[in-house]
Each structure stands twice: as structure tokens, then as C-alpha cells.
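Order-wise, the sequence lines are chains L and X. Convert by adding 3 to the 1-based position in the first sequence; the result is the number in this note's numbering. Convert by adding 3 to the 1-based position in the second sequence; the result is the number in this note's numbering.
Where hints are given, some of them may not hold.
Identical chains share a label here; the pair holds if one copy fits it or two copies do between them.
Stated by the list, open to error - Dumping the calculated SDA-like pairs for lysine to any residue here, alpha-carbon to alpha-carbon at most 25 Å:
#: 1; residue 1: K117; residue 2: D93
#: 2; residue 1: K117; residue 2: P232
#: 3; residue 1: K226; residue 2: R179
#: 4; residue 1: K48; residue 2: Y195
#: 5; residue 1: K24; residue 2: S119
#: 6; residue 1: K76; residue 2: Q96
#: 7; residue 1: K48; residue 2: P248
#: 8; residue 1: K48; residue 2: I165
#: 9; residue 1: K226; residue 2: S242
If you're looking for bench data, these hints aren't it; they were derived computationally from the structure. Since the structure is predicted, the reported quantities are computational estimates derived from the model, not experimental observations.
Number of protein chains: 2
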Amino acid sequence: MNILVTLAFHGGAYHGFQVQKNGRTVCEVFQDALEQLLGDRPDVKGCSRTDAGVHALDFKLNFHADTRIPMQKLPLALNRYLPADVRVLDARQVPEDFHARYWAHSKEYTYRLKNSAIDSPFEQGLYWRSPSPLDADAMHAAAQQLVGTHDFAAFMSAGSSIADTVRTIHRFSVTREGDMVLFKVAADGYLYNMVRILCGTLVEIGAGRMPAEGIARALESRKRSDAGPTLPPQGLFLSHVYYEPEGGTG
Amino acid sequence: MNILVTLAFHGGAYHGFQVQKNGRTVCEVFQDALEQLLGDRPDVKGCSRTDAGVHALDFKLNFHADTRIPMQKLPLALNRYLPADVRVLDARQVPEDFHARYWAHSKEYTYRLKNSAIDSPFEQGLYWRSPSPLDADAMHAAAQQLVGTHDFAAFMSAGSSIADTVRTIHRFSVTREGDMVLFKVAADGYLYNMVRILCGTLVEIGAGRMPAEGIARALESRKRSDAGPTLPPQGLFLSHVYYEPEGGTG
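In isolation and in its complexed conformation, chain L is listed as follows (with noise of 0.2 Å):
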């Protein structure tokens, strides 16, 4: 049967959620557990790619296994082979066909940016801080330039070698709540490092070091050096995946 699996992971510790060779990955850990539970190790499609350091409060994933183990008691059973910075939320059955990545509409990423000269001693690499002051309704008006189908060049950083840059954004808020600045963006798909740059260009313009026009000249240019600076993995969360359209149930 095909398994859908919701993962919430602290990324410090990992080099994405993707089996590569020069580190440890958070897919190579839960197929760890997955073979100490099931005695197998089973191909796993995982949602999106993350980079390293990057966490995720909603991450899904799916696998083909047989087992009796009822799905409610999945999460329970995985989480003793699991190390604590990685949590099975969720365990369930879906169609066959069914595909992490393929069958997501839209991924919605987070960036925690605390604009404040002082760090927190409870939120140790779970944001990045910035201490200009930083105008988050400036920064959200300026971002509603980044709303719809553009070309997306400009914000991507070099050594990817993908050709097709269009991409299309659902929606964009900046907000503040205390010192915290929350970026939230929902997509169809990304760019390498596009969310860290996005938020990097708006960090510039909230702190007056670049007019707001700027994201429609990069837009434009498409030339990488028009944006701001990509902002550190310890900020950002991947906070939702959409398998409906926006307006759906998600």
C-alpha cells in the first residue's frame, strides 16, 4: 500500500531532506527508522528537496510497504527509531498513484527574521536576526510586486542549472508580531535559494537601503546581482503543502 507521512523536523542537524553523499539526510534517517520498523527500506518520495538547515513544520512524504501496523499507530511506532529533532506527526493511506511531489499544487515556506539587537536563549537556530529596523508593512506592500506569474531569474543563486525560471506566487505577506518579522510565501515551485532572496530583497527595502521599485527592476533585469542578499537556512521553515488548488482544502 502507498503511505502518506507528515514530518515536522528541526534542519540544524541535516544536509536537506534529500539522500546525498556528503552528509547526513533527514530521508536517510527516516528510512533508517523505516527498516528497523518493517525490516525494509523502501523507496521514499519526499515532497521537496530542502536545503541544508532548512526545517519543516509540514513536510510530507509517501512510501510503498506492506504492513499491519494500523496507520494511527504508525507515527508512534516510527518516532521510538527517530531521533528527537525528526517527528512523525501523521500516517496514512492514499491512492496508488499518489505522489509527494508530483501531486503538491503549492509548497508554503515561512522566514522568522527577528529584528532586534538581541538574540532569544529558547529559539537558538530557528531564525535569523537582523537588527536595522525593518518597515514590515513597507516590506509587505513591496512584496505584492512578487505576486503572480514572473520570471523569477533574478532571484535564484548560481549552479543551478534549471532553464525554465517562471514560476507562479499565490500569495506573499510580511507581518510583524513583537520583534518577529514573518515572511510567508505560497508557490508552485521554487528556485535554488529563491525564498532566502526574496526575503533578503525585502529585508533591504524595509530597512531603506533599496526602493521598492527595485523588485520590479530585478524582475525585469533578471540579472541575480539587481536582488538582495539570501538570507541564512536557520529562518526558514517549509510551513505547508497544498495537494488542492489554493481555495481547496489543502
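Position chain X against the provided structure of chain L, taking the given hints into account.
What follows is chain X alone, placed relative to chain L:
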């Protein structure tokens, strides 16, 4: 001059605030930082002792020292010499006779209880987890019996030599935010482990293992055995210290 400092700290690595023989304390690392910055190690008066492992969002302390460092620069200067789990949030000059403990009218503690079968990968050591379904509304209603001036002898751990066990609780709320149950209590003072026993008693009521009237019975009997268990320290935060009567500016 007399300096009032606000700290936030993660208590996981400390034997409470107050200097003692058998373990590292927050006061000790704070005095170490003062000594490195000022070349002097003044006495420090904390607003509370706090138990081993307990956290603080708003811990107040004061000390007398002569320094030409402007007050608004003192937090960053001290934070350079403090470990990452202890942060100075604010520093200001106060009247010569101000005392962080004696001048406090009341203190608010918050207890965070995750009501779930699954731990969080992000907040390790910052909550206690209880899998039995809890009725937060019933706990809130039962907690109102605690508000007012009562003899809280039943809600004190053995080993305390305090004779006067009468305290005044100004307010007590229990609310649910998703799977997190939050207890907030403000009182003029607390007996040994009092908040953790009060919350432990309310958990018994919320899980249906004790009737709501158990609180009135424990208040009347003054017997520790009539109250619930002592919850562990990692869910407990000193969340506010009031230097004005409740209803004042705080």
C-alpha cells in the same frame, strides 16, 4: 549607582538563579560577566530564587556599581560575556534603595504543557508533555477556587521550613492554543514548588482523575497528599515581575 537589569534565560543548564554550592547558577554566570566588564564583582539581588531547570522571560535583578557605560549600551556589553542561554534584555538606573525582591508586588509564572502524544522537534526542554486529553475549560473553572488569600500548605513540597503558608493569588488562567495548554498564575509570593503542584493538581482535574472539588478539599486539609503531583521544571517560566500593585503600570 543602583542598576536594575532584566534577563531572559533558558534554565536547562542551571541550578536555579541563586548562588549555591552544588552547581552552576544564573547569578554566578551573571556575576562572572559583570566582573569581566567592570573589573568588580558586586552583590546581586534577584527577584526570585527559581528552581533548577526553570526558565525566565522577565527576570529582574539589581546591583550597585559605578560605571561610565551608558545604561542603553549595558545589555550588549554584558551579553558579550554571557553564555547564549542567558541574555540581558534591559538595564536602567533605579533609586538607591530599590531591591529587586523586596520591591516586587507580585510575580507571574507561566507553565507550558503540550497535550499531545508527540514531542516537538523545535522546543525541546521548553514544555512538559501530557498525552491524556485535557479539558482546559474545566481546568480554568477549577483554578478560580485558588484565587484569593488562602493557606496553600497542601501545595508545598516537603523539605521547606517556611512557617507562614498563606499567600494571595491575584489571578489564575488556563487556556489552550492548539495542543499547548498554558497556565498563568500571578501571586504575591509562592511556596516551594507551589506553581508546579498547582498545575499538577489541575492536570488531574482536566484529565478527569480528580473532581474539581479536590482543590477546596486540599486547601482545607492542608495535606500534600490531597493535591496532585509536582510537574517537572522544564515547562515553567517566570514570565513577569510587577513592581506596582496589579492594575498599576507593572
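Hints, one by one, checked against the model:
1. Only between protomers do K117 and D93 lie at most 25 Å apart by alpha-carbon distance; the minimum there is 17 Å, versus 30 Å within a single protomer.
2. Taking the closest pair of Cα atoms, K117 and P232 come within 25 Å of each other only inside a single copy of the chain (17 Å); across copies the shortest separation is 37 Å, beyond that limit.
3. Proximity of K226 and R179 under a CA criterion of 25 Å is satisfied in neither setting, with 30 Å inside one chain copy and 48 Å between copies.
4. For the homomeric pair K48 and Y195, the shortest alpha-carbon distance inside one copy (19 Å) is at most 25 Å, but the shortest distance between copies (52 Å) is not.
5. Neither within a single protomer nor between protomers do K24 and S119 lie at most 25 Å apart by alpha-carbon distance, with minima of 38 Å and 36 Å respectively.
6. In this homomeric assembly, K76 and Q96 come within 25 Å of each other (Cα to Cα) only inside a single copy, at 13 Å, whereas the closest approach across copies is 57 Å.
7. For a Cα distance limit of 25 Å, the shortest separation of K48 from P248 inside one copy, 21 Å, qualifies, whereas the shortest one across copies, 58 Å, does not.
8. For the homomeric pair K48 and I165, the shortest alpha-carbon distance inside one copy (21 Å) is at most 25 Å, but the shortest distance between copies (61 Å) is not.
9. Neither within a single protomer nor between protomers do K226 and S242 lie at most 25 Å apart by alpha-carbon distance, with minima of 29 Å and 48 Å respectively.
Violated hints, listed in ascending order, are 3, 5, 9; each of the other numbered hints is respected by the structure.
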